[in-house]
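*Asks:* Sequence:
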Amino acid sequence: MGDLVIIGAGGSSRDIIDLVGDINRHASDDGQRWEIRGLLDDDQSKLGQIICGVPVIGSISKAADVQAHLVVGIASHRNRRVRKAVVERLALDPARYATLVHPSASVSSWARIGAGTVVLQNVVIGPQVTLGRHVLISAGVTIGHDTAISDYVSTASQVGIAGGVVIRESVYIGIGACLREGVEVGEGSLIGMGSVVTRNVEAGRTVVGNPARRHS
746 MGDLVIIGAG
756 GSSRDIIDLV
766 GDINRHASDD
776 GQRWEIRGLL
786 DDDQSKLGQI
796 ICGVPVIGSI
806 SKAADVQAHL
816 VVGIASHRNR
826 RVRKAVVERL
836 ALDPARYATL
846 VHPSASVSSW
856 ARIGAGTVVL
866 QNVVIGPQVT
876 LGRHVLISAG
886 VTIGHDTAIS
896 DYVSTASQVG
906 IAGGVVIRES
916 VYIGIGACLR
926 EGVEVGEGSL
936 IGMGSVVTRN
946 VEAGRTVVGN
956 PARRHS
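When we follow this note's numbering, the leftmost residue of the sequence shown carries the number 746, and every step to the right adds one.
In short, the hints are calculated from the structure, not lab data. Every residue, glycine too, gets a C-beta built ideally from N, C-alpha and C. A hint or two may mislead.
Claimed, not checked - 25 Å max Cα-Cα, derived DMTMM-like pairs, lysine to aspartate or glutamate: (1) K829 / D748; (2) K807 / D775; (3) K829 / D788; (4) K829 / D787; (5) K807 / E932; (6) K807 / D763; (7) K807 / D788; (8) K807 / D748; (9) K791 / D763; (10) K807 / E780; (11) K829 / D775; (12) K791 / D810; (13) K807 / D774; (14) K807 / E833; (15) K791 / D774; (16) K829 / D810; (17) K807 / D896; (18) K829 / E929; (19) K829 / E947; (20) K829 / D763; (21) K829 / D774.
Said to hold, decoys possible - Beta-carbon label-pair distances, calculated as ranges: (22) S851 / Q794: 32 to 40 Å; (23) S853 / Q777: 28 to 36 Å; (24) S851 / D788: 19 to 27 Å; (25) D788 / P872: 36 to 44 Å; (26) V869 / L792: 36 to 44 Å; (27) V869 / H822: 22 to 30 Å; (28) D787 / D748: 20 to 28 Å; (29) G908 / A948: 20 to 28 Å; (30) A809 / P956: 17 to 25 Å; (31) A893 / P956: 17 to 25 Å; (32) D810 / E926: 44 to 52 Å; (33) T943 / L835: 35 to 43 Å.
Could you put the whole structure together from the sequences, leaning on the hints where they help?
*Replies:* Now the structure itself:
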């Protein structure tokens, strides 16, 4: 039984609490199980609250002091670089971070998943896919073969990513979006919900619609 502390006390952290419960229920006799010791959040009004059965035990700066593995449960389409900012602020050994994959996920044996990454329910990850560090893949996402997803990327649920796609650092992909094979999405971009991306997206852009067009 490994100890785990989740950074953040918002919606993504609640998803991770459920994920850990499912991992524990489906673990084999010698499989990895986790005990969630608490949540860390800089919103002082949350201190001492119990969220989905887990207490908020302190601010994010306490992460260096806790004797547990960590996972960052923070994602925001408004601030796509928030998870990177937290990890860089803490400056901890990558070995401190847990990598969590839901037992219902189908992950190719030829895929690679980086430290601190979270893969939620019913995700399909094809062969030769690379997920970087601290990536959040939400429920029902499909990632095609030979796709490369960089650090700190977040997807909402039901996203479809075709083969050979390149997604740069700190991108947020909204619910139900689809990305055509071979496209490249630049660093810090936002793909709006339901958008159909058929061509490359420049860094820092927001695109929406079908086909997706520049919004800002």
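*Asks:* Let me make sure I understand: some of the numbered hints might not hold for this structure. Which ones are they, in numerical order?
*Replies:* 2, 5, 11, 13, 15, 21, 23, 24, 30
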